[in-house]
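**Q** Each chain is listed here by its residues.
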Amino acid sequence: MAKVSQDIVVSNKLGLHARPAMQFVDTANGFSSTITVVKGGEEPGEADGKSVMQMIILAAVEGTPLQINADGEDADTAVKALAELFESKFGEED
Amino acid sequence: MKLKDFIVSDAIVGDLQAQDRDGVIRELVTSLAAGGALPADAVDEVVAALVKRESNGSTGFGKGVAVPHVKHAKVKKMAGTIGRSATGIDFSALDHQPVYSVVLLLSPENSPQQHLQAMNIVFSNLQKDMFRRFLRQSDTRDKIVDLLDEADQGK
Numbered sequence: 001m002a003k004v005s006q007d008i009v010v011s012n013k014l015g016l017h018a019r020p021a022m023q024f025v026d027t028a029n030g031f032s033s034t035i036t037v038v039k040g041g042e043e044p045g046e047a048d049g050k051s052v053m054q055m056i057i058l059a060a061v062e063g064t065p066l067q068i069n070a071d072g073e074d075a076d077t078a079v080k081a082l083a084e085l086f087e088s089k090f091g092e093e094d
Numbered sequence: 095m096k097l098k099d100f101i102v103s104d105a106i107v108g109d110l111q112a113q114d115r116d117g118v119i120r121e122l123v124t125s126l127a128a129g130g131a132l133p134a135d136a137v138d139e140v141v142a143a144l145v146k147r148e149s150n151g152s153t154g155f156g157k158g159v160a161v162p163h164v165k166h167a168k169v170k171k172m173a174g175t176i177g178r179s180a181t182g183i184d185f186s187a188l189d190h191q192p193v194y195s196v197v198l199l200l201s202p203e204n205s206p207q208q209h210l211q212a213m214n215i216v217f218s219n220l221q222k223d224m225f226r227r228f229l230r231q232s233d234t235r236d237k238i239v240d241l242l243d244e245a246d247q248g249k
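Sequence lines, in order, name chains A and B. At position 49 of the first sequence the residue is numbered 49 (the numbering used here), and the sequence of numbers has no breaks. Just so we're on the same page, the numbering used here is the position in the second sequence counted from 1, plus 94.
Calculated directly from the structure, the hints in this document are not laboratory data. One should not assume that every hint holds.
Claimed, not checked - With a cut-off of at most 30 Å between alpha-carbon atoms, the simulated DSS-like pairs for lysine-lysine come out as follows:
{"hint": "1", "chain 1": "A", "residue 1": "13", "chain 2": "B", "residue 2": "168"}
{"hint": "2", "chain 1": "A", "residue 1": "13", "chain 2": "B", "residue 2": "171"}
{"hint": "3", "chain 1": "B", "residue 1": "96", "chain 2": "B", "residue 2": "165"}
{"hint": "4", "chain 1": "A", "residue 1": "13", "chain 2": "B", "residue 2": "98"}
{"hint": "5", "chain 1": "A", "residue 1": "89", "chain 2": "B", "residue 2": "171"}
{"hint": "6", "chain 1": "A", "residue 1": "39", "chain 2": "B", "residue 2": "222"}
{"hint": "7", "chain 1": "B", "residue 1": "165", "chain 2": "A", "residue 2": "89"}
{"hint": "8", "chain 1": "A", "residue 1": "13", "chain 2": "B", "residue 2": "170"}
{"hint": "9", "chain 1": "B", "residue 1": "165", "chain 2": "A", "residue 2": "39"}
{"hint": "10", "chain 1": "B", "residue 1": "237", "chain 2": "A", "residue 2": "13"}
{"hint": "11", "chain 1": "B", "residue 1": "165", "chain 2": "A", "residue 2": "13"}
{"hint": "12", "chain 1": "A", "residue 1": "13", "chain 2": "B", "residue 2": "96"}
{"hint": "13", "chain 1": "B", "residue 1": "157", "chain 2": "A", "residue 2": "50"}
{"hint": "14", "chain 1": "B", "residue 1": "157", "chain 2": "A", "residue 2": "39"}
Said to hold, decoys possible - Per the computed footprint, the stretches of chain B lying under chain A, defined by three or more beta-carbons under 8 Å from a beta-carbon of chain A, are:
{"hint": "15", "region": "154-163"}
{"hint": "16", "region": "200-213"}
{"hint": "17", "region": "216-224"}
As the list claims (entries may be wrong) - If you anchor each label on the Cβ, the simulated ranges turn out as follows:
{"hint": "18", "chain 1": "B", "residue 1": "181", "chain 2": "A", "residue 2": "83", "range": "40 to 48 Å"}
{"hint": "19", "chain 1": "B", "residue 1": "191", "chain 2": "A", "residue 2": "71", "range": "24 to 32 Å"}
{"hint": "20", "chain 1": "A", "residue 1": "73", "chain 2": "B", "residue 2": "170", "range": "48 to 56 Å"}
{"hint": "21", "chain 1": "A", "residue 1": "73", "chain 2": "B", "residue 2": "186", "range": "29 to 37 Å"}
{"hint": "22", "chain 1": "A", "residue 1": "6", "chain 2": "B", "residue 2": "248", "range": "28 to 36 Å"}
{"hint": "23", "chain 1": "B", "residue 1": "103", "chain 2": "A", "residue 2": "32", "range": "44 to 52 Å"}
{"hint": "24", "chain 1": "B", "residue 1": "180", "chain 2": "A", "residue 2": "6", "range": "40 to 48 Å"}
{"hint": "25", "chain 1": "A", "residue 1": "87", "chain 2": "B", "residue 2": "227", "range": "36 to 44 Å"}
{"hint": "26", "chain 1": "A", "residue 1": "80", "chain 2": "B", "residue 2": "117", "range": "41 to 49 Å"}
In this text, all values refer to a predicted model and were calculated from it rather than measured experimentally. In this text, a Cβ means the ideal position worked out from N, Cα and C, and glycines have one as well.
Let the sequences and hints guide you as you build the complete structure.
**A** In structure tokens form, the structure reads like this:
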């Protein structure tokens with residue numbers, strides 16, 4: 001078992017709206033690790049990375065710092081795959 | 095932000111007549127236009143955009159609720175409405191269950207932050223078992239409006 005964390009910043013213009021939230025949850029569900037997402041900034045929050053509703057409630061706009069946490073046997077690959085989604089701006093824009 | 099800042103009370107439908115997803119979307123958008131939230135000549139375009147969005151990925155996030163939403167140039171001010179179905183609608187929901195409560199949200203282009211705030215308040219309420227249960231039981235516009243008032247007051 002391992003715990004892995006990575007800090008990222010939401011960089012797509014539209015923020016973490018429904019479609020990217022679902023994409024994140026789909027990817028998270030591919031791993032056995034527990035995934036949580038902690039939101040920093042002025043209105044901090046925490047979401048279960050496998051719950052679309054909780055991810056949408058984060059209302060993470062462009063520029064929001066997030067920490068992706070995974071706990072489990074595949075934590076390392078999970079965090080890498082999830083951080084990659086943000087790096088690719090969920091395939092949006094520009 | 096509160097639900098009633100963007101939910102148009104006059105456009106709420108306590109007893110949806112449509113029996114399928116696309117029909118429900120049209121019924122609610124037509125109701126928003128009748129409530130003055132959207133020009134009548136924009137209904138077809140907005141319905142088409144919502145249906146397309148829904149076909150790309152269902153907003154039936156489970157637990158009997160769906161939240162179809164779209165950003166559209168014809169929408170000048172964020173506006174939403176709620177429809178309740180007695181019989182349940184097939185929304186291709188993530189949990190494969192019928193949808194009884196539909197929260198439909200229209201946003202202008204270029205206001206992603208406002209959109210996310212509205213989604214935040216909608217889902218914060220939809221996540222509560224009591225809110226979902228009362229919404230499903232509220233079979234008139236007035237009952238739904240009362241429920242929104244209570245939710246906005248944090249009851």
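**Q** Taking the hints in turn, state whether each one holds.
**A** Status of the hints after comparison with the structure:
At roughly 21 Å between alpha-carbon atoms, residue 13(A) and residue 168(B) fall within 30 Å of each other, so this suggested pair holds. For a cut-off of 30 Å, the pair hint linking residue 13(A) to residue 171(B) stands: about 19 Å separates their Cα positions. Of the supplied pair hints, the one linking residue 96(B) and residue 165(B) holds, its CA atoms being roughly 20 Å apart against a limit of 30 Å. About 26 Å separates the Cα atoms of residue 13(A) and residue 98(B), which keeps this hinted pair within 30 Å; it holds.
Distance restraint check for residue 89(A) and residue 171(B): the Cα-Cα separation of roughly 27 Å lies within the 30 Å cut-off, and the hinted pair is therefore satisfied. A hinted pair counts as satisfied when its Cα atoms are at most 30 Å apart, and residue 39(A) with residue 222(B) qualifies at roughly 21 Å. Our distance criterion of 30 Å between C-alpha atoms is met by residue 165(B) and residue 89(A), whose separation comes to about 19 Å. Taking the CA atoms of residue 13(A) and residue 170(B), the gap is about 20 Å. The hint holds against a cut of 30 Å.
A C-alpha spacing of about 25 Å is found between residue 165(B) and residue 39(A), which places the hinted pair at or below 30 Å, so the restraint holds. At most 30 Å may separate the alpha-carbon atoms for a hinted pair to count; residue 237(B) and residue 13(A) exceed this at roughly 37 Å. Distance restraint check for residue 165(B) and residue 13(A): the Cα-Cα separation of roughly 14 Å lies within the 30 Å cut-off, and the hinted pair is therefore satisfied. Between residue 13(A) and residue 96(B), the direct Cα distance comes to roughly 24 Å. Compliance with the 30 Å bound is thereby established for this hinted pair.
Proposed proximity of residue 157(B) and residue 50(A) is supported: the alpha carbons are some 15 Å apart, at most 30 Å. Restraint check for residue 157(B) and residue 39(A): satisfied, since their Cα atoms lie roughly 25 Å apart, inside the 30 Å limit. Note: the region 154-163 of chain B has 4 residues with beta-carbon separation from chain A under 8 Å; the three-residue rule is met and the coverage holds. Taking a C-beta to C-beta cut-off of 8 Å, the region 200-213 of chain B contributes 6 residues in contact with chain A, enough for the three needed, and the coverage statement holds.
Under a criterion of three residues with beta carbons nearer than 8 Å to beta carbons of chain A, the stated coverage of the region 216-224 of chain B is upheld, 4 such residues being counted. The hinted range of 40 to 48 Å is satisfied by residue 181(B) and residue 83(A), whose Cβ atoms lie roughly 43 Å apart. The hinted range of 24 to 32 Å is satisfied by residue 191(B) and residue 71(A), whose Cβ atoms lie roughly 30 Å apart. Against the hinted window of 48 to 56 Å, the Cβ-Cβ separation of residue 73(A) and residue 170(B) comes to about 51 Å, which satisfies the hint.
Taken as a hint, the range 29 to 37 Å holds for the pair residue 73(A) and residue 186(B), whose Cβ atoms sit roughly 33 Å apart. The supplied range of 28 to 36 Å is met by residue 6(A) and residue 248(B), whose beta-carbon atoms lie about 35 Å from each other. Look at residue 103(B) against residue 32(A): about 46 Å separates their beta carbons, and that is inside 44 to 52 Å. For the hinted restraint 40 to 48 Å between residue 180(B) and residue 6(A), the CB-CB distance of approximately 47 Å keeps it satisfied.
For the pair residue 87(A) and residue 227(B), the beta carbons lie near 40 Å from each other, so the given range of 36 to 44 Å is met. Here the CB-CB span from residue 80(A) to residue 117(B) is close to 43 Å, well matched to the stated 41 to 49 Å.
Hint 10 alone, counting from the list given before, is not met by this structure.
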